[in-house]
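Number of protein chains: 4
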Amino acid sequence: MEATTKKKPVKVLPKNARSKKSIDSKTMMGLVYDGPGKIALKIIPKPTVVKPTDALVKILKTTICGTDLGILHGKTPTCKPGTTLGHEGVGVIMEVGTAVRNFKPGDHVIISCITSDGTCEYCKKQMYAHCEDGGWILGHLINGTQAEYVRIPHADNSLYPIPAGADEEALVMLSDILPTGHEIGVINGQVKPGDTIAIIGAGPIGMSALLTAQFYSPAKIYMVDLDENRLKMAKKFGATDTINSGKEDAAKKIMAETKDGVDVAIEAVGAPATFDICQLIVRPGGHIANIGVHGKSVDLQIQNLWIRNITITMGLVNTNTTAMLLKTVSSGKIAPKKLITHHFKLKEILKAYEVFGNAGKEKAMKVIIEP
Amino acid sequence: MEATTKKKPVKVLPKNARSKKSIDSKTMMGLVYDGPGKIALKIIPKPTVVKPTDALVKILKTTICGTDLGILHGKTPTCKPGTTLGHEGVGVIMEVGTAVRNFKPGDHVIISCITSDGTCEYCKKQMYAHCEDGGWILGHLINGTQAEYVRIPHADNSLYPIPAGADEEALVMLSDILPTGHEIGVINGQVKPGDTIAIIGAGPIGMSALLTAQFYSPAKIYMVDLDENRLKMAKKFGATDTINSGKEDAAKKIMAETKDGVDVAIEAVGAPATFDICQLIVRPGGHIANIGVHGKSVDLQIQNLWIRNITITMGLVNTNTTAMLLKTVSSGKIAPKKLITHHFKLKEILKAYEVFGNAGKEKAMKVIIEP
Amino acid sequence: MEATTKKKPVKVLPKNARSKKSIDSKTMMGLVYDGPGKIALKIIPKPTVVKPTDALVKILKTTICGTDLGILHGKTPTCKPGTTLGHEGVGVIMEVGTAVRNFKPGDHVIISCITSDGTCEYCKKQMYAHCEDGGWILGHLINGTQAEYVRIPHADNSLYPIPAGADEEALVMLSDILPTGHEIGVINGQVKPGDTIAIIGAGPIGMSALLTAQFYSPAKIYMVDLDENRLKMAKKFGATDTINSGKEDAAKKIMAETKDGVDVAIEAVGAPATFDICQLIVRPGGHIANIGVHGKSVDLQIQNLWIRNITITMGLVNTNTTAMLLKTVSSGKIAPKKLITHHFKLKEILKAYEVFGNAGKEKAMKVIIEP
Amino acid sequence: MEATTKKKPVKVLPKNARSKKSIDSKTMMGLVYDGPGKIALKIIPKPTVVKPTDALVKILKTTICGTDLGILHGKTPTCKPGTTLGHEGVGVIMEVGTAVRNFKPGDHVIISCITSDGTCEYCKKQMYAHCEDGGWILGHLINGTQAEYVRIPHADNSLYPIPAGADEEALVMLSDILPTGHEIGVINGQVKPGDTIAIIGAGPIGMSALLTAQFYSPAKIYMVDLDENRLKMAKKFGATDTINSGKEDAAKKIMAETKDGVDVAIEAVGAPATFDICQLIVRPGGHIANIGVHGKSVDLQIQNLWIRNITITMGLVNTNTTAMLLKTVSSGKIAPKKLITHHFKLKEILKAYEVFGNAGKEKAMKVIIEP
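Protein sequences appear in the order of chains A, B, C and D. Per this note's numbering, the very first residue in the first sequence carries number 19; after that it's consecutive. Per this note's numbering, the very first residue in the second sequence carries number 19; after that it's consecutive. Per this note's numbering, the very first residue in the third sequence carries number 19; after that it's consecutive. Per this note's numbering, the very first residue in the fourth sequence carries number 19; after that it's consecutive.
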């Protein structure tokens with residue numbers, strides 16, 4: 019539906035050629051998906067305000083998500099070649115449509131990865147992920163944030179004001195991963211004070227679940243991953259126990275150390291093997307909160323689990339806790355900045371993709387891309 | 019642990035030989051599981067109060083459950099040969115242990131299928147199904163209710179008083195199927211006023227979900243089954259729409275008739291095919307509430323469902339809504355008696371098993387067994 | 019803020035003078051509040067679409083609320099003289115602003131008594147009553163529905179589409195009283211199957227609580243009022259027990275007939291005496307759900323209640339269950355039409371106020387006003 | 019009902035006369051309430067196991083509660099002269115009745131201030147405060163813990179096992195004040211991450227609310243009291259802002275500093291003036307959680323509050339979070355020991371009462387009494 023803005027011809031950016039002069043005000047740099055395996059930094063048309071509810075935002079900081087790698091690897095056929103990628107970032111508002119009431123040019127904002135029209139049946143239930151005129155469209159169905167500018171539809175409901183004096187870099191984590199870990203992992207999993215929980219996967223999403231789980235004071239937090247460096251990081255971020263599942267049988271160890279298993283098992287990878295660990299360690303009455311994006315089905319051991327009174331949840335982030343998270347960041351309850359390991363300029367974004375795509379080797383967690 | 023009462027020798031009941039005189043006060047009739055495929059009505063030792071928290075109950079009415087057929091067919095290896103079957107019924111208290119405070123001889127009671135000690139970690143969370151000294155043990159790990167008498171451990175927490183003047187036959191449905199349909203189907207599924215729901219399976223459990231779902235005023239209730247007679251019955255019990263899944267594609271029809279699928283899909287069979295229907299029809303933000311007892315794993319289509327913000331629940335009944343259900347029966351909000359299609363004497367119980375085991379042909383739903 | 023539309027001069031309607039010809043397209047009839055004790059049907063300017071989010075609605079049916087009488091009696095100083103009264107009604111859309119996406123001219127709609135911008139902090143929590151650019155403004159801070167036309171701000175979030183074939187008269191009850199009884203009485207009170215509840219006050223709001231409480235299948239519903247006719251009506255609407263508090267001590271009777279009092283006491287009057295009944299009859303762990311609009315403080319017996327683990331709620335309707343209620347009306351779960359006792363033409367609206375203002379004598383519940 | 023154990027004659031303890039020899043095994047020291055204004059340390063009969071569900075516990079550490087002062091000051095007429103006071107403590111089990119299954123002699127236990135039979139209607143809802151054969155009876159209706167030994171009825175449900183190696187002194191805080199602050203203040207108030215909350219009263223209960231509120235990561239915690247020393251202590255315990263309500267208008271200050279008031283106002287005093295502060299500062303949609311024990315009614319400003327969609331809760335602790343709290347103490351999430359300011363021997367208990375009764379002057383919070 020938003021295809022018109024994507025169909026305009028794009029020019030490949032000549033090496034080192036870019037300067038402020040070389041680009042007139044109608045174009046900008048952006049990272050464009052060119053089909054499976056192909057992305058390129060190009061000079062593309064600068065977006066404009068199209069609808070009365072739009073805002074035009076100049077990107078101050080953006081980042082790369084695992085989902086972007088998924089698109090690059092051809093796993094997201096709904097994303098058409100020619101789309102500018104990216105659904106995270108903070109920026110400054112340049113222009114707003116006539117119906118935008120909450121923002122004005124000059125306002126600094128967090129861009130939500132989820133666009134919400136605020137009026138459909140799903141939005142009225144706070145299920146913005148399923149907005150009938152939004153949801154996850156940025157850097158997927160419409161052009162995204164890995165560019166100099168981005169058009170944000172339904173701006174009043176899809177942007178969050180940044181309080182004066184805030185550390186904007188930290189707030190990039192509020193576009194997607196922090197609310198995702200919090201809503202789909204921690205809230206869906208119903209983490210409570212005194213609980214024993216396990217998080218399977220110590221990538222950015224698992225780490226976000228780790229940080230936000232601590233809002234609710236679980237007594238014991240197992241972190242399971244194959245990467246020693248990430249497990250070390252998890253310890254620093256508050257995990258009480260770490261297990262390298264490449265070296266020991268995580269499920270066996272957890273079952274041996276707990277009474278009947280864990281209260282909450284959070285899946286933060288998106289693979290059958292990690293989902294299986296969750297199935298093996300959830301205690302009667304417990305929760306499996308799936309955050310991982312799965313590419314194939316999993317074998318649900320319902321012949322064992324039916325009698326255990328468990329709950330399995332899954333979902334796309336609604337970003338309905340973003341305002342709450344902003345308050346916890348502002349008051350110092352959580353420091354999402356520590357997830358950031360690397361910084362790049364927008365012109366170096368292909369290198370940023372390389373580093374983020376080899377996160378283990380590069381010891382990368384989240385990377386920041388700046389103009 | 020309760021094996022001592024089961025190891026005593028049993029005598030096979032001579033045909034037509036039983037009379038009040040022929041059995042001394044130390045023995046009684048009971049339906050005994052003799053290993054896969056074998057059950058027999060026998061003269062067995064009459065139970066006694068063993069622990070201070072026990073009650074001895076004379077059975078007034080009992081019934082047969084699908085789970086009993088499961089044991090008969092060898093699907094429940096934890097049930098040892100020699101066990102008297104049955105976990106449902108109403109009766110009158112003959113004797114209580116010294117620590118029983120809530121009941122006295124002469125009291126008429128509903129026997130809960132779940133035994134609860136009331137003091138363990140799980141009982142304190144109202145998760146009686148996982149009681150550390152109880153749970154589903156009647157007619158499974160200890161002798162059950164398909165007999166003249168039964169010993170009920172932890173009587174104070176495992177029996178419910180029958181109000182004077184109540185129709186006791188109807189209350190047999192409160193031992194197991196009505197709370198099961200209500201708790202594991204309707205409450206776990208979070209049925210709300212105005213909802214569109216689907217119940218897959220119109221057996222006694224599906225019918226219990228159908229009856230109790232109406233406590234919460236859903237707007238539309240689909241009932242799906244292969245048996246025309248049961249679907250007709252479901253219509254009478256309040257289903258607004260019925261689908262014979264042997265004749266049409268239930269999932270396709272439901273998706274065509276609803277906006278995005280159903281708010282709640284209740285699985286009341288316990289098979290991959292019926293679970294699959296649930297996976298296909300649940301709308302974003304919806305619930306799959308599994309009640310069925312599964313014998314094998316199911317293929318969870320998490321590659322499609324992860325993004326749909328759905329919740330899947332499963333479990334054994336806690337019977338923590340039995341008191342609530344009793345109030346709704348007493349006030350006429352629900353008439354569980356209509357689930358009863360057949361009556362037998364205890365000495366005819368083998369015939370009752372035959373009828374219940376051929377429920378489709380016999381047009382049977384629940385059968386009552388009386389002394 | 020919306021005062022400009024109210025300051026225009028109005029002409030008093032000459033007796034019987036009105037005809038289609040006598041009013042040009044820029045004016046219309048409307049019931050105008052002229053200060054304490056004074057209302058008049060006048061020829062006033064017809065509203066227009068002012069903001070891009072507005073809709074202009076032609077009123078098909080409206081009604082009078084107790085709150086309108088409150089304004090008339092000078093109890094609502096925030097309502098300025100010159101305001102057209104009325105916050106309920108169904109109508110047809112004549113024109114929409116450029117940012118309205120969900121409605122188009124010709125659509126039939128329910129007008130919500132609460133205006134919601136859908137983007138402020140409160141709207142994002144579904145607390146539309148406290149919308150920062152809305153809330154209860156219709157017929158209060160801006161001109162209302164007791165007129166031929168009304169301007170509805172934030173139309174996308176403040177109107178509900180009427181399904182084809184619906185009985186529109188019944189749906190007038192969904193503008194205010196049905197959601198009010200449901201949300202502030204029944205949902206806040208957490209009515210559950212099997213509960214014993216009491217509703218103090220059998221006026222339109224109490225009756226709405228009575229009708230919607232039955233969504234959740236309470237076992238016993240006491241209805242308390244001074245008016246025998248209303249109590250008779252309540253019996254027909256589903257009350258299991260009625261008490262004329264002018265003839266007997268309602269609290270005493272309820273305490274004598276229940277174990278420890280009621281699970282939920284719903285106050286639907288707004289006076290110290292009726293709040294006191296609630297305080298006397300709520301059982302340990304129970305709820306007092308206040309719906310009544312109070313003019314003075316009440317003496318909370320916290321010296322007795324602090325130990326009883328009770329919850330007291332109060333509030334203005336959010337109308338966040340209107341869509342749910344619409345489904346229950348459409349499916350026949352509830353028939354709000356039976357609340358309607360009288361019909362009037364708009365030109366007879368002063369007579370309608372008289373009848374509604376003498377509801378006891380006139381045996382009036384809700385009155386419908388039509389063009 | 020338990021009066022027999024209280025009617026036995028007691029001997030006044032001769033000054034300095036007590037030694038291990040001087041008391042035969044049938045007597046012990048205990049602090050006895052002798053009517054308004056009178057308490058005395060006496061030699062009284064040592065309790066015994068009376069019912070099969072009883073345990074006899076030797077007290078290792080106990081404490082004094084504000085409620086004990088209330089009894090002393092004649093505010094609790096249900097407590098009869100002759101009763102040994104005290105409802106808090108840790109101890110070691112000396113003997114158990116025949117029906118006690120969870121404990122054996124030698125076990126170290128936390129004594130819950132609430133006795134729960136685990137089988138009545140209220141216990142089955144986890145409302146142990148209203149247990150039909152328990153509730154708050156210790157040191158109130160039956161002899162309590164300010165003695166060398168205490169009889170604990172319904173031991174299986176009224177004691178909690180102390181994990182090996184735990185700091186038992188800290189766990190005395192789990193008998194009453196920590197669960198009270200947590201359940202009646204924090205959980206009833208629904209404190210959430212990012213919330214702004216206010217606690218009125220910085221005594222032991224207010225401090226317990228302060229400590230346990232932090233389980234849920236509120237962004238801002240106001241603590242209001244008249245005592246500078248307590249406010250200083252509150253700052254150390256995690257309050258972000260303190261207000262001396264003797265020096266400034268707390269409500270005015272809070273309303274000036276917050277947008278619309280606080281999300282949660284916790285009343286931890288029990289007086290009209292402190293309840294009034296709560297009424298003035300609660301924001302729309304917010305909660306007033308009353309913990310204070312009130313001696314008279316309060317003037318509820320419902321004429322202002324009805325429209326604000328607020329919830330008021332109150333109650334006696336159920337101690338249904340004691341097990342959860344024990345896990346948080348064991349894992350170091352909370353350090354209740356810091357509430358302890360003074361230590362006394364049992365023979366000095368009258369001095370302990372004096373210090374605790376002059377808490378302000380003595381800078382006392384909780385005092386520990388040891389044998």
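Worth flagging that the hints you see were computed from the coordinates, not collected in a lab. There's no promise every hint is true.
Note that the list lumps identical chains together, so a pair holds whenever it fits in one copy or between two copies.
[Stated by the list, open to error] Only pairs whose alpha carbons sit at most 20 Å apart, straight line, appear in this in silico EDC-like list of lysine to aspartate or glutamate:
1) Lys345 x Glu139
2) Lys44 x Glu275
3) Lys355 x Asp278
4) Lys314 x Asp294
5) Lys379 x Glu275
6) Lys60 x Glu113
7) Lys56 x Glu366
8) Lys355 x Glu266
9) Lys122 x Glu139
10) Lys345 x Asp278
11) Lys345 x Asp259
12) Lys345 x Glu275
13) Lys277 x Asp151
14) Lys122 x Asp317
15) Lys210 x Glu166
16) Lys122 x Glu150
17) Lys143 x Asp278
18) Lys238 x Asp125
19) Lys356 x Glu187
20) Lys277 x Glu139
21) Lys98 x Glu246
22) Lys270 x Asp259
23) Lys56 x Glu187
24) Lys356 x Asp185
Source: prediction; values computed, not measured.
Evaluated hints:
In the homo-oligomer, the alpha carbons of Lys345 and Glu139 lie at most 20 Å apart only across protomers (13 Å), although the nearest pairing inside one protomer, at 27 Å, exceeds that limit. Taking CA atoms no more than 20 Å apart as the test, Lys44 paired with Glu275 passes in neither setting, with 61 Å inside one copy and 45 Å between copies. When the C-alpha separation of Lys355 and Asp278 is checked against a cutoff of 20 Å, the pair qualifies neither within a copy, at 36 Å, nor between copies, at 30 Å. Taking identical chains as interchangeable, the C-alpha atoms of Lys314 and Asp294 lie at most 20 Å apart whether they share a chain (13 Å) or sit on different chains (15 Å).
Proximity of Lys379 and Glu275 under a CA criterion of 20 Å is satisfied in neither setting, with 31 Å inside one chain copy and 48 Å between copies. Neither within a single protomer nor between protomers do Lys60 and Glu113 lie at most 20 Å apart by alpha-carbon distance, with minima of 23 Å and 44 Å respectively. Proximity of Lys56 to Glu366 under the C-alpha cut-off of 20 Å is restricted to the intra-copy arrangement: shortest distance 16 Å within a copy versus 73 Å between copies. In this assembly of identical chains, Lys355 and Glu266 lie within 20 Å of each other by CA distance neither inside one copy nor across copies; the values are 31 Å within and 38 Å between.
Proximity of Lys122 to Glu139 under the C-alpha cut-off of 20 Å is restricted to the inter-copy arrangement: shortest distance 18 Å between copies versus 28 Å within a copy. With identical chains, the CA atoms of Lys345 and Asp278 are at most 20 Å apart between copies only, with a shortest distance of 15 Å across copies and 36 Å within one. Within a single copy, Lys345 and Asp259 get their C-alpha atoms only as close as 28 Å, which misses the 20 Å cut-off; across copies the closest is 16 Å, which meets it. Proximity of Lys345 and Glu275 under a CA criterion of 20 Å is satisfied inter-copy only: 15 Å between copies versus 36 Å inside one chain copy.
With identical chains, the CA atoms of Lys277 and Asp151 are at most 20 Å apart between copies only, with a shortest distance of 16 Å across copies and 47 Å within one. For the homomeric pair Lys122 and Asp317, neither the shortest alpha-carbon distance inside one copy (50 Å) nor that between copies (45 Å) is at most 20 Å. For a Cα distance limit of 20 Å, the shortest separation of Lys210 from Glu166 qualifies neither inside one copy, at 42 Å, nor across copies, at 37 Å. Taking identical chains as interchangeable, the C-alpha atoms of Lys122 and Glu150 lie at most 20 Å apart only when they sit on different chains, with a minimum of 18 Å there against 25 Å within one chain.
Taking the closest pair of Cα atoms, Lys143 and Asp278 come within 20 Å of each other only across two copies (15 Å); inside a single copy the shortest separation is 35 Å, beyond that limit. Proximity of Lys238 and Asp125 under a CA criterion of 20 Å is satisfied in neither setting, with 41 Å inside one chain copy and 25 Å between copies. Only within a single protomer do Lys356 and Glu187 lie at most 20 Å apart by alpha-carbon distance; the minimum there is 10 Å, versus 38 Å between protomers. Taking identical chains as interchangeable, the C-alpha atoms of Lys277 and Glu139 lie at most 20 Å apart only when they sit on different chains, with a minimum of 11 Å there against 43 Å within one chain.
Taking the shortest Cα distances, Lys98 and Glu246 never come within 20 Å of each other, neither inside one copy (37 Å) nor across copies (48 Å). With identical chains, the CA atoms of Lys270 and Asp259 are at most 20 Å apart within one copy only, with a shortest distance of 14 Å there and 47 Å across copies. Taking the shortest Cα distances, Lys56 and Glu187 never come within 20 Å of each other, neither inside one copy (28 Å) nor across copies (60 Å). Proximity of Lys356 and Asp185 under a CA criterion of 20 Å is satisfied intra-copy only: 12 Å inside one chain copy versus 34 Å between copies.
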